[in-house]
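Novice: These are the residues of each chain, in order.
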Amino acid sequence: MNKEILQLIYLVGSISFMIGLKMLSKPDTARKGNLIAAFGMTIAILGTIFLYEGIKISNYGWIFGGLIIGTLLGTLSAKKVKMTKMPEMVSLFNGMGGACAMLISAVEFTHLTHNHEIGALPKGHLLIIMLGLIIGSISFVGSLVAWGKLSGHLGDKTLKLQQVVNIGLLLLILGITCYTIMVGPPETITYFYAIWGLSVLYGILFVMPIGGADMPVVISLLNSFTGVAAAMGGFLYDNKVMLVGGILVGSAGTLLTLVMCKAMNRSLTNVLIGNFGGGGGNGESTTSLSGGHVREINVGDTAILLKYANNVIIVPGYGLAVAQAQHVCHELEEILEKEGVGVKYAIHPVAGRMPGHMNVLLAESNVSYDKLIEMEHINPEFSTTDVVLVVGANDVVNPAAKTDPSSPIYGMPILDVENAKNIIVMKRSMKAGYAGIENELFFQPKTSMLFGDAKGTLTKLVSEIKAL
Amino acid sequence: MNKEILQLIYLVGSISFMIGLKMLSKPDTARKGNLIAAFGMTIAILGTIFLYEGIKISNYGWIFGGLIIGTLLGTLSAKKVKMTKMPEMVSLFNGMGGACAMLISAVEFTHLTHNHEIGALPKGHLLIIMLGLIIGSISFVGSLVAWGKLSGHLGDKTLKLQQVVNIGLLLLILGITCYTIMVGPPETITYFYAIWGLSVLYGILFVMPIGGADMPVVISLLNSFTGVAAAMGGFLYDNKVMLVGGILVGSAGTLLTLVMCKAMNRSLTNVLIGNFGGGGGNGESTTSLSGGHVREINVGDTAILLKYANNVIIVPGYGLAVAQAQHVCHELEEILEKEGVGVKYAIHPVAGRMPGHMNVLLAESNVSYDKLIEMEHINPEFSTTDVVLVVGANDVVNPAAKTDPSSPIYGMPILDVENAKNIIVMKRSMKAGYAGIENELFFQPKTSMLFGDAKGTLTKLVSEIKAL
Amino acid sequence: MLEFINSNIQIIYLVILMIFVGVELIEKVPSVLHTPLMSGANAIHGVVIIGAIIIMGQAESTFAIILGFISVILGTLNVVGGFVVTDRMLEMFKKKK
Amino acid sequence: MLEFINSNIQIIYLVILMIFVGVELIEKVPSVLHTPLMSGANAIHGVVIIGAIIIMGQAESTFAIILGFISVILGTLNVVGGFVVTDRMLEMFKKKK
Ligand SMILES: NC(=O)c1ccc[n+]([C@@H]2O[C@H](COP(=O)([O-])OP(=O)(O)OC[C@H]3O[C@@H](n4cnc5c(N)ncnc54)[C@H](OP(=O)(O)O)[C@@H]3O)[C@@H](O)[C@H]2O)c1
Ligand SMILES: NC(=O)c1ccc[n+]([C@@H]2O[C@H](COP(=O)([O-])OP(=O)(O)OC[C@H]3O[C@@H](n4cnc5c(N)ncnc54)[C@H](OP(=O)(O)O)[C@@H]3O)[C@@H](O)[C@H]2O)c1
Chain X
0 MNKEILQLIY
10 LVGSISFMIG
20 LKMLSKPDTA
30 RKGNLIAAFG
40 MTIAILGTIF
50 LYEGIKISNY
60 GWIFGGLIIG
70 TLLGTLSAKK
80 VKMTKMPEMV
90 SLFNGMGGAC
100 AMLISAVEFT
110 HLTHNHEIGA
120 LPKGHLLIIM
130 LGLIIGSISF
140 VGSLVAWGKL
150 SGHLGDKTLK
160 LQQVVNIGLL
170 LLILGITCYT
180 IMVGPPETIT
190 YFYAIWGLSV
200 LYGILFVMPI
210 GGADMPVVIS
220 LLNSFTGVAA
230 AMGGFLYDNK
240 VMLVGGILVG
250 SAGTLLTLVM
260 CKAMNRSLTN
270 VLIGNFGGGG
280 GNGESTTSLS
290 GGHVREINVG
300 DTAILLKYAN
310 NVIIVPGYGL
320 AVAQAQHVCH
330 ELEEILEKEG
340 VGVKYAIHPV
350 AGRMPGHMNV
360 LLAESNVSYD
370 KLIEMEHINP
380 EFSTTDVVLV
390 VGANDVVNPA
400 AKTDPSSPIY
410 GMPILDVENA
420 KNIIVMKRSM
430 KAGYAGIENE
440 LFFQPKTSML
450 FGDAKGTLTK
460 LVSEIKAL
Chain P
0 MNKEILQLIY
10 LVGSISFMIG
20 LKMLSKPDTA
30 RKGNLIAAFG
40 MTIAILGTIF
50 LYEGIKISNY
60 GWIFGGLIIG
70 TLLGTLSAKK
80 VKMTKMPEMV
90 SLFNGMGGAC
100 AMLISAVEFT
110 HLTHNHEIGA
120 LPKGHLLIIM
130 LGLIIGSISF
140 VGSLVAWGKL
150 SGHLGDKTLK
160 LQQVVNIGLL
170 LLILGITCYT
180 IMVGPPETIT
190 YFYAIWGLSV
200 LYGILFVMPI
210 GGADMPVVIS
220 LLNSFTGVAA
230 AMGGFLYDNK
240 VMLVGGILVG
250 SAGTLLTLVM
260 CKAMNRSLTN
270 VLIGNFGGGG
280 GNGESTTSLS
290 GGHVREINVG
300 DTAILLKYAN
310 NVIIVPGYGL
320 AVAQAQHVCH
330 ELEEILEKEG
340 VGVKYAIHPV
350 AGRMPGHMNV
360 LLAESNVSYD
370 KLIEMEHINP
380 EFSTTDVVLV
390 VGANDVVNPA
400 AKTDPSSPIY
410 GMPILDVENA
420 KNIIVMKRSM
430 KAGYAGIENE
440 LFFQPKTSML
450 FGDAKGTLTK
460 LVSEIKAL
Chain L
0 MLEFINSNIQ
10 IIYLVILMIF
20 VGVELIEKVP
30 SVLHTPLMSG
40 ANAIHGVVII
50 GAIIIMGQAE
60 STFAIILGFI
70 SVILGTLNVV
80 GGFVVTDRML
90 EMFKKKK
Chain C
0 MLEFINSNIQ
10 IIYLVILMIF
20 VGVELIEKVP
30 SVLHTPLMSG
40 ANAIHGVVII
50 GAIIIMGQAE
60 STFAIILGFI
70 SVILGTLNVV
80 GGFVVTDRML
90 EMFKKKK
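Protein chains in written order, with numbering that gives the first Met the number 0: chain X, 0 to 467; chain P, 0 to 467; chain L, 0 to 96; chain C, 0 to 96.
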């Protein structure tokens, strides 16, 4: 009876995951979708605790203890993390899931070796357990490394022949796994721990050489790995809700990774293996290849230009996040609106270092959602715009993406700011952005550079406009 | 061994249905998707013939005979049907599928009564067989009625209290079914045939009162019915490919039905039960409620207006299909283009009597696909358009949908033709269109009426422009 | 009820997932493709022909043979006609210069 | 191989359908929602906690109890943290005046 009810609960849980994920993919329903999925998870967990056959009464204390500790820690850290640190946080939570899958495999392996003769272990079970172990470990360690990189604790380290080493290592892991399962040698237990260790090592080596800025893509990939690891648990316990949750996330996560890569006009292989091509223009220069010159502008002139414009479009980029200038940016917008200037934000899908980075950032400073216009919709408007204010963006406004087939970002859709009447670019120097390439926009006659840290400059700008 | 291979073939077939349906929903890949689904169907059929256990050698002749006859008839009729008769054809083919499901149930029922004592028939099997019979019969007969209505053989006939009769009949059918399955009375066989007969009757009464113009919605609904009937076969034979095909079509068809209703701003219940509200404006009038007057224009003036326009948008509607004027319409377009006039077509999603009716029609006369612009994309263009030529459309250009909350079509998105500089409406009289309501557009000062059959008028228009 | 659900849990999951797939596939479809899609779906439910082949293949009595034969013909009509009509419709949509 | 496929045919259908559902659900997502979606999916794979509860619930040796306890904590962190973070992100998207 219990078993039947539990099956039903799992069914409801599975459906709630599907519906939740579906609703999460539409802006209007996203929040509700998250709650629905959370509801499904809650009943699945409670159902398992109270109805699963074979849970010993004496262990309830441990279970609830773990749940309570996890809930407290999880809620606290999730509540107090800064919005700009979200990717780190997601990565960390993902790693926890991977670790959980890994430990489950470890425990189930000891059960297996207890109940069967070494050499006569059921192959199917062993395969599932080992896959769970390998994928879970990679996801766990990889997420930690990604977290370390995003939060700046770890730099990019590339060994010579890194790729060869990685592929070799992966083949080694798979080789030992196949051998162990097929042959079932007496040293199976040793091999198991060897596989575990090698997987952990692989997790580190896999993520280590990837550029810190590519971390969101990697996190999304590791996310889908953890999904697959969870699905292994589903096979192991013949548990449908784990299977549905795991595989849904596995496939959705994989596609999301590809979508993210596409928005940056890079292939996944490119992200995982290579860094960007030449990286030539990383130094500073004040004359462009085509001979244009940089025109500087000061805060006072900018203030006048903005105040007497009819409409202004602000293009936020990674520099806005670095400078944490979102609040003063919103202040500038409000002052301009009060002066009768129409202000909008142009949101490029991959501005910043994670998808939706700019939305999250600006929403945090209470910018109205209606003012955030996505690329396709704002692009036609630039030609009728008086002033475009580029705040710490670079690649997403680089015309080379349209004009220079040899450029590494060629083909990436960009914001057509060069159609506007005036373009003001705020950044600290002439240095390149993420893609490491020079930007012709800065040398065009309509463009003026306003050098300095975004937050400082914007603050000055606000007081200047107030004073006018 | 055969059984295993067959399972694999069914798996491939199922996947090809999913992929095919997915590709069918995107314009670029639609045709390929259809072929992929057809491929999956072919291997599933051949696999069944050669690998299914228990097919008697002596029956191969019958099977291939049936397949060959069906293929010849199917291909011939599908190839020679006129494009404008497509909905009829689809309806007919759908009915064949329903009949097939119905006959399968009938035969399987005799098997069942052969192999088991009456009164001890396995309930699960019986339920599946009866559902297949009921749904299949309704779909079969309903499709035939829909076909009759679309091709004009049958008119709308409504008994008094039709809805009450229908619901009563449905309850009766379900009641007998439940009783037969639960109790297993000695008269089971009689009841079975009674259910069959009543289902056929219900199929007729269900579709008969629905307006001929609503047939596309009904066909789409019956289509999903047949899908469910096919799925019953899947349950019966524990056959996955039938299950996948049937349920996919069942759910996709249901949603498609709803989407179609939504595009017309009517609820499904509204289509199935009621006809449109008052139907007031069905008579003719030449002064509008708000006092406007009808301005007529002759062919000569229209020709001049068109020839010296910069750009013209043609709005095709149901009248174009009735008059079979698509070819001469294309001719007009070519002549105007030659004169340097830019011509586009504005395609409303529910113009005509089936979704995509206008696309199919115009494509038949070789109008380039690029010239067919969907509503959302053409609406902003009307304000910069010199002449809009409305050819046999009415409801889809009725501004009441935007302005009059009491109108039955209020809320339906329409083509904003009233923003153009000149509007010329071609129709035969002042009579109302499908929704049976008056159209303020015809009384507006910018609008001129060009009365007459669309084909005749367009032909005159073409020769007039040539002569100019 | 509970028992029924449990003994058919796999099939229930299958059916629910299929319904999901069906719904998801349609949600994105542009209105231009409604009719071809309806027609394509129509062809796909012709998979019921497999049931017809099975009863035909096992038929012994004349009754079963006749009904089986008719249903094979009807099913084939549904399948073949459906796919051919759909193909014809879609042919019209290909871009022309 | 053939044998394996046949004895697990139901599960294979299930897995394929789920992959389809997962892919379909994501295809339509606007780029603004990429991060919340990733985070929501992250919370959902926390369902692995159920495995942790099962091993914890059956644990007898100290080794199993310790590992089980840790994995319950880790799994809970994944689930709770995931959903809360997602909710916080999405809260920001609600329309403001
Ligand atoms: N969104 C994603 O999912 C994602 C993920 C991975 C990678 N990416 C990549 O990231 C790039 C995003 O483009 P983007 O235009 O937003 O950024 P970007 O091209 O990286 O440029 C950012 C610019 O901001 C300036 N900056 C940095 N700190 C600043 C500060 N405190 N004050 C003012 N300016 C500052 C920098 O110039 P100075 O040093 O001269 O100040 C830099 O040129 C794209 O290439 C994209 O492919 C995106
Ligand atoms: N597309 C679908 O899937 C679908 C399905 C079911 C219902 N509907 C409904 O059908 C309507 C479609 O709107 P619509 O604007 O295309 O058509 P409509 O509103 O039905 O109007 C068609 C007009 O064409 C004129 N007409 C008829 N024969 C003609 C001929 N031989 N020459 C010239 N004119 C002729 C008629 O006026 P005269 O009699 O004065 O000539 C009539 O007013 C909508 O209400 C929609 O909801 C659509």
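Worth double-checking, as some hints may not be accurate.
[Claimed, not checked] DSBU-like mimics (lysine-lysine), calculated; alpha carbons at most 30 Å apart, straight line:
#1 K27/L - K420/X
#2 K55/X - K31/X
#3 K27/L - K420/P
#4 K55/X - K79/X
#5 K454/X - K84/X
#6 K25/P - K261/X
#7 K465/P - K27/L
#8 K27/C - K445/X
#9 K27/C - K370/X
#10 K465/X - K420/X
#11 K261/P - K27/C
By construction, these hints were calculated from the structure, which means they are not laboratory data. Quick caveat, the model's predicted, so the values are computed rather than measured.
Novice: Look at each hint and say if it fits the structure.
Specialist: A quick look at each hint next to the structure:
For the proposed pair K27/L and K420/X, the alpha carbon gap of about 38 Å is over 30 Å, so the pair is violated. A hinted pair counts as satisfied when its Cα atoms are at most 30 Å apart, and K55/X with K31/X does not qualify at roughly 36 Å. The hinted pair formed by K27/L and K420/P fails the criterion: a straight-line CA distance of about 35 Å is larger than 30 Å. For the hint linking K55/X to K79/X, the alpha-carbon distance of about 36 Å lies beyond 30 Å, and the restraint is violated.
Only pairs whose Cα atoms come within 30 Å are accepted, and K454/X paired with K84/X is accepted, the gap being roughly 18 Å. A threshold of 30 Å between alpha carbons decides the hint, and for K25/P with K261/X the separation of about 20 Å falls inside it, so the pair holds. Among the hinted pairs, K465/P with K27/L is inconsistent with the structure: their alpha-carbon atoms are about 44 Å apart, more than 30 Å. Between K27/C and K445/X, the direct Cα distance comes to roughly 38 Å. Violation of the 30 Å bound is thereby established for this hinted pair.
Only pairs whose Cα atoms come within 30 Å are accepted, and K27/C paired with K370/X is accepted, the gap being roughly 22 Å. The straight-line distance between the Cα atoms of K465/X and K420/X is roughly 24 Å, inside the 30 Å bound, and the hint therefore holds. Restraint check for K261/P and K27/C: satisfied, since their Cα atoms lie roughly 20 Å apart, inside the 30 Å limit.
Hint violations for this structure: numbers 1, 2, 3, 4, 7 and 8, all remaining hints satisfied.
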